[in-house]
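**Student:** All chains should be modelled from the sequences, with the hints used to inform the complete structure.
Respectively, the protein sequence lines represent chains A and B. The letter at position 184 of the first sequence is residue 184 when you use this note's numbering, and the numbering goes up by one with no holes. The letter at position 117 of the second sequence is residue 117 when you use this note's numbering, and the numbering goes up by one with no holes.
If you are wondering where the hints come from, they were derived from the structure by calculation, not from laboratory data. All residues carry an ideal CB built from backbone N, CA and C; glycine is no exception. A couple of the hints might just be wrong.
Sample of chain A residues lacking proximity to chain B, with all beta carbon distances greater than 10 Å (derived) [said to hold, decoys possible]:
#1 Ala-120
#2 Ala-176
#3 Ala-187
#4 Leu-189
#5 Thr-298
Example chain A residues on the side facing chain B (calculated, C-beta under 10 Å, incomplete) [to be verified]:
#6 Asp-37
#7 Val-131
#8 Arg-133
These are the residues of each chain, in order.
Protein chains: 2
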Amino acid sequence: MSDLPFGHLALAEGEEFDAIRALLAVWGARATGIGDDAAVMDVPAHERLVVSTDASLEGVHFRREWLSPRQIGARATAAALSDLAAMAATPIGLLLALGLPDSWRAELAELAHGVGEMAAWACCPIVGGNVTRASELSLTITVLGSAAQPLSRDAARAGQALYVTGRLGGPGAALAAMLRHAVPDAAHLARFAQPRPRLDEARWLAARGARAAIDVSDGLAADAAHLASASGVALEVELAWIPCASGVDAERAIASGEEYELLVTFDEGSPPDVGAFEAEFSVPLTRIGRVVRGAGVTLARAGGRVDPPRGHDHLS
Amino acid sequence: MSDLPFGHLALAEGEEFDAIRALLAVWGARATGIGDDAAVMDVPAHERLVVSTDASLEGVHFRREWLSPRQIGARATAAALSDLAAMAATPIGLLLALGLPDSWRAELAELAHGVGEMAAWACCPIVGGNVTRASELSLTITVLGSAAQPLSRDAARAGQALYVTGRLGGPGAALAAMLRHAVPDAAHLARFAQPRPRLDEARWLAARGARAAIDVSDGLAADAAHLASASGVALEVELAWIPCASGVDAERAIASGEEYELLVTFDEGSPPDVGAFEAEFSVPLTRIGRVVRGAGVTLARAGGRVDPPRGHDHLS
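**Tutor:** Below you can see the structure in the form of structure tokens.
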């Protein structure tokens, strides 16, 4: 990894090398440039570097009984990659810093498989990492991407229309069920346990004139507020237009976090071809509102205004 | 930060924004490009991107009573930047993923000052981050740098000479004292608590023909073994030539970790001007051995061979 032997103070020498060997054995050719103090990479000519870091912790972002180790690895990687999707960037590398409790040591290979599978799915080489003994499991993933013209969340302007990818509410419904020790709907659980960052979808949207974008990690209502704040505009969202997961109402759908869908704006006069989008990706693209002058997010139903929801459930 | 609001599931909304505000208030202009899903940067034309991630955990890399919060922040940042020094790269950005226990919440500003001061010292903008509530303090720092021709640890060849920067042994002596609850020597403690990555020194060495390089994080003996292994060569180290901190013998000096000095090779016929180096940086540059055919590290004293030391002390 980038600092071989990585986690040099954290594990006794034998354990440390065992951990490294286990990761590299799982990742194979998906890990590149491993073995020096740092990885050396190239950003494609005429493109900008896009970089983000994201942490997933047991007890904060998930509970052990909810997810398999492989799902934990893949989900943490997907969450990090979703920040590249929000910028319409193409992944060029990721680094994993793993905090590994002794009680998780036996799951190291499965965690690595999860990270490796999502990295492979996104065509993203694993270029570095670090393993440290820790008291709780954590996966801190830094993603690097490139884009000629990255999308941003500060480019929404009055006169644009607001769109969202996918159907919302599944992760929130699954989380709510698991928190009350009920069995979640299988489709909802799949959306919670196996998110897919909208990388290809984001590039498609950017190539067709998307103006501003953000990924839906905190819930559509909250992320719409972040988009509005960053752009210095107001957003009007029509609740009746929200595309909802089966069995979920719009109020809950817009409070559901960790969706990893995209919220994007387009000029009113240049709307995206939603049919072509769905044909390409088998995922809906839905107009849910518009950008106006002002500040904040207004939720409307049949012309009337409703109160915004609270943020989605936290584990802690 | 790169994912505003960062640590979105980890802290209640008010706490989360408070943490962000506290960091940004401390960092001021040192934090750039904050506020979108990811940071957008440029790598200088004709240079390569160099990237590494490094974690510092309480109880693994330090104990709370040994260091001030400001030192903890600066030291974690220095350790990460040292991987860029090993590649002779110029820092262009860093991202901090902070795992913050409630018991450390009051120290957030001081931790941020430490990170910010070291970043400023290295002229490295802070481009992103993440804050998550955690049960133990952790700072996972990803550093980005650029270099036209990065140094690597796999370029040592028979016929080269081996050099090290600085004087070794201070961090190990301080750590040993603190582990036995003794008061460490002030100079040793300063080397442990306030390391300085050899960034300028590395570029100076690279510009003058350095062939292979590694930073001394695990102890000179261990890192020499990594260099030898990566390059497919053997290293002969003359113990009598090791530059030691005051009061430390060579055997202990070469087992002292977290030195963040540089171990570099030069062609025998093109040695660096050690006087000019010391005049420039007020740090010695010392020839300590040579590269030969074979494998592993041979320690010699007055022509005789001695056993290699064990790795340096681990906290866990």
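**Student:** So, for every hint listed, does it hold in this structure?
**Tutor:** To see whether the hints hold, each was checked on the structure:
| no. | hint | in the structure |
| --- | --- | --- |
| 1 | Ala-120 | 20 Å, holds |
| 2 | Ala-176 | 14 Å, holds |
| 3 | Ala-187 | 22 Å, holds |
| 4 | Leu-189 | 17 Å, holds |
| 5 | Thr-298 | 20 Å, holds |
| 6 | Asp-37 | 4 Å, holds |
| 7 | Val-131 | 9 Å, holds |
| 8 | Arg-133 | 6 Å, holds |
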